[in-house]
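Engineer: Each chain, letter by letter, is given below.
2 protein chains.
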Amino acid sequence: MSLQAVLDRIDAELPQSLDRLFHLLRIESISTDPAYATPCVEAADWLVNQLRTIGLDASRRDTPGHPMVVAHGGDKGPHLLFYGHYDVQPVDPLELWTAPPFEPAIRETPNGKTIVARGSSDDKGQLMTFVEALRAWKTVEGDFPARITILFEGEEESGSPSLVPFLKENADELRADLALVCDTGMWDQNTPAISTMLRGLASEEVTIHAADRDLHSGMYGGPAINPIRVLTRILAGLHDDTGRITLPGFYDGVHDLPPEIKAQWDGLNFDASEFLGAVGLSTPAGEQGYSALEQIWSRPTCEVNGIWGGYTGKGFKTVLPAEAHAKVSFRLVGDQDPNAILESFRNYIESSLPPDCTASFARKEPSGATMLPVDAPEFTKARDALTEEWPNPAVFAGCGGSIPIVGHFREILGMDSLLIGFGQDDDAIHSPNEKYDLRSFHKGTRSWARVLSALSDQN
Amino acid sequence: MSLQAVLDRIDAELPQSLDRLFHLLRIESISTDPAYATPCVEAADWLVNQLRTIGLDASRRDTPGHPMVVAHGGDKGPHLLFYGHYDVQPVDPLELWTAPPFEPAIRETPNGKTIVARGSSDDKGQLMTFVEALRAWKTVEGDFPARITILFEGEEESGSPSLVPFLKENADELRADLALVCDTGMWDQNTPAISTMLRGLASEEVTIHAADRDLHSGMYGGPAINPIRVLTRILAGLHDDTGRITLPGFYDGVHDLPPEIKAQWDGLNFDASEFLGAVGLSTPAGEQGYSALEQIWSRPTCEVNGIWGGYTGKGFKTVLPAEAHAKVSFRLVGDQDPNAILESFRNYIESSLPPDCTASFARKEPSGATMLPVDAPEFTKARDALTEEWPNPAVFAGCGGSIPIVGHFREILGMDSLLIGFGQDDDAIHSPNEKYDLRSFHKGTRSWARVLSALSDQN
Chain A
2 MSLQAVLDRI DAELPQSLDR LFHLLRIESI STDPAYATPC VEAADWLVNQ
52 LRTIGLDASR RDTPGHPMVV AHGGDKGPHL LFYGHYDVQP VDPLELWTAP
102 PFEPAIRETP NGKTIVARGS SDDKGQLMTF VEALRAWKTV EGDFPARITI
152 LFEGEEESGS PSLVPFLKEN ADELRADLAL VCDTGMWDQN TPAISTMLRG
202 LASEEVTIHA ADRDLHSGMY GGPAINPIRV LTRILAGLHD DTGRITLPGF
252 YDGVHDLPPE IKAQWDGLNF DASEFLGAVG LSTPAGEQGY SALEQIWSRP
302 TCEVNGIWGG YTGKGFKTVL PAEAHAKVSF RLVGDQDPNA ILESFRNYIE
352 SSLPPDCTAS FARKEPSGAT MLPVDAPEFT KARDALTEEW PNPAVFAGCG
402 GSIPIVGHFR EILGMDSLLI GFGQDDDAIH SPNEKYDLRS FHKGTRSWAR
452 VLSALSDQN
Chain B
2 MSLQAVLDRI DAELPQSLDR LFHLLRIESI STDPAYATPC VEAADWLVNQ
52 LRTIGLDASR RDTPGHPMVV AHGGDKGPHL LFYGHYDVQP VDPLELWTAP
102 PFEPAIRETP NGKTIVARGS SDDKGQLMTF VEALRAWKTV EGDFPARITI
152 LFEGEEESGS PSLVPFLKEN ADELRADLAL VCDTGMWDQN TPAISTMLRG
202 LASEEVTIHA ADRDLHSGMY GGPAINPIRV LTRILAGLHD DTGRITLPGF
252 YDGVHDLPPE IKAQWDGLNF DASEFLGAVG LSTPAGEQGY SALEQIWSRP
302 TCEVNGIWGG YTGKGFKTVL PAEAHAKVSF RLVGDQDPNA ILESFRNYIE
352 SSLPPDCTAS FARKEPSGAT MLPVDAPEFT KARDALTEEW PNPAVFAGCG
402 GSIPIVGHFR EILGMDSLLI GFGQDDDAIH SPNEKYDLRS FHKGTRSWAR
452 VLSALSDQN
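Taken in sequence, the protein lines are chains A and B. Just so we're aligned, residue 2 is where the first sequence starts under my numbering, counting upward by one. Just so we're aligned, residue 2 is where the second sequence starts under my numbering, counting upward by one.
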């Protein structure tokens, strides 16, 4: 039986698979910082070459931002589009990394071996599970199990400005029966998950402008307005005492959780104390009246992801700054309208400004929340295939994060996405010392072989 | 008559005086940043040499921080201690400077020539007015007009950590009849001022700690507490809607302004619109019920001088940071107790923390407000001497800034301070493009010759 031979090949090839992943992890493809544009191109070119060695027709497709990688192969069975991203988050604060973020290494831990590097889990390690599964399949079978299209982007961590135009311009080439996306996590180390509810994301950077220059707080302190004070007052007004967000219309389109979904989630026995305890916290801080899991999977949030203004160096400087800044993001659920929420946010700020202050804004393309069709046969087949590989049966899960590509695939290409990933809660993505379990990489690759087999009815 | 000869000498020597000032301005003596320790020593050594060329017995006196400069000369008349500081503020944001901050240049403006450089007004240009007056006196008269001690420090812009121990250890050497301090401003371009009410200053840096690492806002957003949100709520609670500070006990020791002082200040015809309009503002933003001048000179403030946390680079990063920070300072008046206020601030923060958050603090030595004896004969003599030099009569003024040295001189050395300076409101001290009017430098030097003459009864 061919699947077993493919799985055996994956096992035998693991050292070489790791070498290839490490090569990719060494490339400093930070997409949000223009200083790293060249490494982003380097990562794209490296992936094009890898895909060609597997026998795919691969090319780098330049955009106004970082390039896409597109590849095609196979001519029978269902048409599957696999998506991943080769760009990574910035690495600051660098001093908290115990080893350089772009020098990947295997580390022994009480939970087994891990691969430590920026991007190991988000998303280079994950996308390489699919590439390595495909490589093993082609080596063993001499062909692909389905009609395969691959799309890698390099701007996922910086708002994907080129993605929607690229999907629209290349819709005929990219449209498939189903998208496969590997950018999510497992329920726990032994329980694979298919993510079927995703929160949306809307982000806005706001700058409060006051005086036309920085002022001395002795000479001007009192009569001169301080934009930091204005900003803190505005931001502090975004939540009420119960943790609800105060923007007018914010909860329009937020639905109560259906009882059967709530029952399924309660059955997962999510341990909020353990989840929070792992990062040094103890008390769910979100909206009152909702469990921690509901807060993550089914409730919207408003967070300040960054704030700065005035003197932030060593020592003290008695300055009244001319400007103060914040980066604010909203996680969205249900049918919340991202653009309406950003408008409400802007209106709230504009209406909260005292005399002599103005506000300016910069946003990235927002995305709404997504619900996927868990009753479709592909979802059942994939779930059963994952159950074959792992100790515990696979679950349909929510996801607190946002994967805007899922909405774009549905709206522009008319296809649903099967979100299968092998990240763990403790992977520290977006944080110092990001890691990916070696087991996630190895069994993740095996999982994709099984899922491809199931979707193409090869087993 | 000797004074006129001294004044003539100052006029003739102006080009050479400027050359010397420019040399000092080129030294990057930023005291708050440890990277600039060597230039601070360089500035001290240069001053020692300058004072020796005038005939003073000068030496560099090392401290655990940046060195002091001490010099003595003369053996008759009153004993006067002149104080200034050779250190300067940081120069960020550097991109707003129209020329490099440590390359001084004369610039033509509608108000006359100005000297543009970091430290030109605060305080290198000011301290050199006294040095140049002394130099001219010695050249013309062959002696000093009084018994002179000079003290220059290099940590004024970074909290003066070495100052109090140095004053205590060298009290017998430094104690004089009166201190002369040149670190303040004129009332306007034509009206010299002696500052007789100074606000105190207490500063605290606060860090709010939450999770033990930066978190992904998709994975943790909701149940995980965001320290930026905690910080903004705490800072927003420091003022009520009328601009009053809410800390318990904050207004203890704040007195109403005596009617005669209020009448004198009203007589100055301070133009709040012009004062604020010069920096792009229009509306006094301080405590309701007080004029802008009262807000600056006689009312306490609480300001956030810096705030930072999370991702502050380009683009967006959906992080929930582990920490958030602010630098907060209080300007104090009357008999407010700086230590009691910092304790109240810490208590307020500690009592405002939600579960899982802690706060840590770092402060610098605070100072209370100061009232000087305007009825003493030295104050009258100095005021009359200044009136001789300038178009308008000199005034006794308040000062929104803090000059902690005045309190230390009184407490440790038992002497009052005569605060005479030639800065202008538009000097942009602590800001980009700091300048000092050439007229302030020239007539400031002449003013010191006149004040020295008056205080020593030489005219």
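Be aware that one or more of the hints could be misleading.
Derived pair list, reagent style DSS-like, types lysine-lysine, alpha-carbon separation capped at 30 Å [claimed, not checked]:
no., chain 1, residue 1, chain 2, residue 2
1, A, 169, B, 315
2, A, 365, B, 315
3, B, 169, A, 315
4, A, 365, A, 169
5, A, 382, A, 263
6, B, 444, A, 315
7, B, 444, B, 382
8, B, 315, A, 315
If you are wondering where the hints come from, they were derived from the structure by calculation, not from laboratory data. Source: prediction; values computed, not measured.
Engineer: Against the structure shown, which of the earlier numbered hints fail to hold, in ascending order?
Structural biologist: 6
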